[in-house]
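Undergrad: Below, each chain spelled out in residue letters.
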Amino acid sequence: MKLNRRTFLGTAAAASMSAPAVYAGGHGKPRVVVVGGGAGGATAARYIAKDSKGAIDVTLIEPTRTYYTCFFSNLYLGGFKDVEDIGHSYGNLAAAGVNVVHDWAVGVDRDAKTVSLAGGASVAYDKLILSPGIDFVDGAVQGWDLSSQNAMPHAYKAGSQTELLKAQLAAMPSGGTFALVAPPNPYRCPPGPYERISMVAHYLKNNNPTAKIIVADPKPKFSKMALFQEGWANHYDGMIDWIGSEFGGSNVSVNPDAMTVTIDGEETKVDVCNVIPAMKAGRIADMAGVTDGRWAPVNAADMSTKADPDVYVLGDASQQGDMPKSGFSANSQAKVCANAVRGALTGSKVFPAKFSNTCWSLISTNDGVKVGATYEATDEKIAKVDGFISKTGESADVRQATYEESEGWYSGITADMFG
Amino acid sequence: MMKHILMPLFSVCFLSAPLGAFGDDQDADDTDEFDVSEEILSIKGDPEYGEYLSGDCTGCHQVDGSYDGIPSITGWDEESFVWAMHSYKEKAREHPVMQMMAGRLSNDEIAALAAYFATLE
Ligand SMILES: Cc1cc2nc3c(=O)[nH]c(=O)nc-3n(C[C@H](O)[C@H](O)[C@H](O)COP(=O)(O)OP(=O)(O)OC[C@H]3O[C@@H](n4cnc5c(N)ncnc54)[C@H](O)[C@@H]3O)c2cc1C
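From first to last, the protein sequence lines are chains B and C. All the letters of the first sequence, read from the start, carry residue numbers 1 to 419 under our numbering. All the letters of the second sequence, read from the start, carry residue numbers 420 to 540 under our numbering.
Looking at chain B on its own, in the form it has when it is part of the complex:
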């Protein structure tokens, strides 16, 4: 069924194509395999399928049938969204011509140019795009490992983890304590933990106003710090105790059985503990042999890896330079990559790389802030060109307009990713 449709499209496109297929040698249509149907992978698969009009065979490997966005998952914790609002299926990608395979990639053979799947199949590629997101560094927070994620959720991959954290938040006793262990740099979504603290505080203020939040942070400062601290003082005065590295925040261990957190030698019994450990590229990048340390170094012009010109890494897993690890960045990188991959495979025109990012955060009802920048490709890295950030002391109108924009952005970017 699917084959027929794609074959048909392929013939139609081939007949009208003026540029020669430079890469088709030997096996018919060029093949792109994308691993990971999140922010980066879904965008890349959709753009290559859409823009090549059937001239490229695009397969997307993604184990889950519904992708829950981490972006806006904090708003779900705060009570501003339902979980259904942040779930996206892959039907529109399939309708756009992407061959969606729900399975895990478990190995990459770069010599044979094949990806092996947990279900036993093997998929051949001419170009491989990996956008697997993040995994956690073993032993990053003393006392915590993945087997503790039910007692102490990370909720840093959205879905059941986020729902679990929300249920734990709702079950907190009156006047209880919510602890958050923040990650060291670099990590996915620099303002993410602090937006989460804001949303948890918002929930508690309305439902459990004598509760407390303690934050152990291995960093001395964080993204949009002045804006968050101003907002916390305005909306949640006295509720949040942020302990940065200068005050022992990096010296932290947890005990998931006893539900205790020890910060700089001082043990506290807590009701909820959200542990966000140090991060690294999703495991498949390591298995493909394209990482150097925790991340996969890439060339800024097209997101190809330094290790292999036919393997590309997008989004959080890549080490690209100045862009923050965000859904917006992954989407932006995916479009540059899609243009370059399509050019390499079909001879279509390749335009110079341009990237951008904007990250909104919600501090309280109608109190939104944002930070953003534009970027270009240099020989060494993706380099920042220009940027802006919301200011402290802005009027309520400006903050509300910023929040409303973020709603528009969510609709826009998820349509750009998932069709």
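Honestly, the hints are just simulated from the structure, not real lab data. Hints may be right or wrong, so weigh each one.
[What the hints assert, rightly or not] Derived DEER-like restraints, expressed as beta-carbon distance ranges:
#	chain 1	residue 1	chain 2	residue 2	range
1	B	K53	C	E509	36 to 42 Å
2	C	E540	B	K349	20 to 26 Å
3	B	D103	C	S456	52 to 58 Å
[Unchecked claim] Straight line, CA to CA, 16 Å or less: simulated EDC-like cross-link-like pairs of lysine to aspartate or glutamate:
#	chain 1	residue 1	chain 2	residue 2
4	B	K354	C	D475
5	B	K269	B	D257
6	B	K349	C	D465
For glycine and all other residues, C-beta sits at the position ideal for the given N, C-alpha and C.
On the provided structure of chain B, position chain C with the ligand as indicated by the hints.
TA: Relative to chain B, chain C with the ligand alone:
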């Protein structure tokens, strides 16, 4: 010139963004004074390049023209589009995101984007 350009721009805005895309901070803007030269307006944009560049916009502005908190920019006439982009680029119109996005585009790139978005319904 200014009146000629401004009229269609306003009508497009009110059609696609009934809440008023100019928002409350319109007072802070200087768009009444803003003018774009004939030379810039006469640049013929390359829609293929515009389609590629639009990747920088479609994370926020929806290609199907729906409005959800960020104004629709599809189906505008090219002059209005070029005028709007230059008003951000030259900082006559306030908005940090759009000033940054327009700020790095060349006159040819703005023309290319206008040509491409004009083709979308
Ligand atoms: C709380 C929170 C709030 C955030 N807020 C924002 C925000 O407001 N704005 C913003 O821009 N960003 C935000 N982010 C960041 C954003 O979610 C990530 O940066 C983005 O999702 C990265 O995209 P990606 O493609 O690299 O990875 P992901 O989106 O995580 O996608 C990876 C996909 O790969 C799949 N996968 C992994 N391994 C395999 C394998 N072996 N085989 C097959 N598939 C595999 C996974 O199932 C997953 O679907 C936030 C993140 C968090 C945690």
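Undergrad: Are the hints correct? Go through all of them and say.
TA: For each hint, the structure was consulted:
1. K53(B) with E509(C): 36 to 42 Å: Because 38 Å falls inside the window, the suggested range holds.
2. E540(C) with K349(B): 20 to 26 Å: 25 Å, holds
3. D103(B) with S456(C): 52 to 58 Å: 57 Å, holds
4. K354(B) with D475(C): 8 Å, holds
5. K269(B) with D257(B): 11 Å, holds
6. K349(B) with D465(C): With Cα atoms ~13 Å apart, K349(B) and D465(C) stay inside 16 Å; holds.
Of the numbered hints given earlier, the model fails none.
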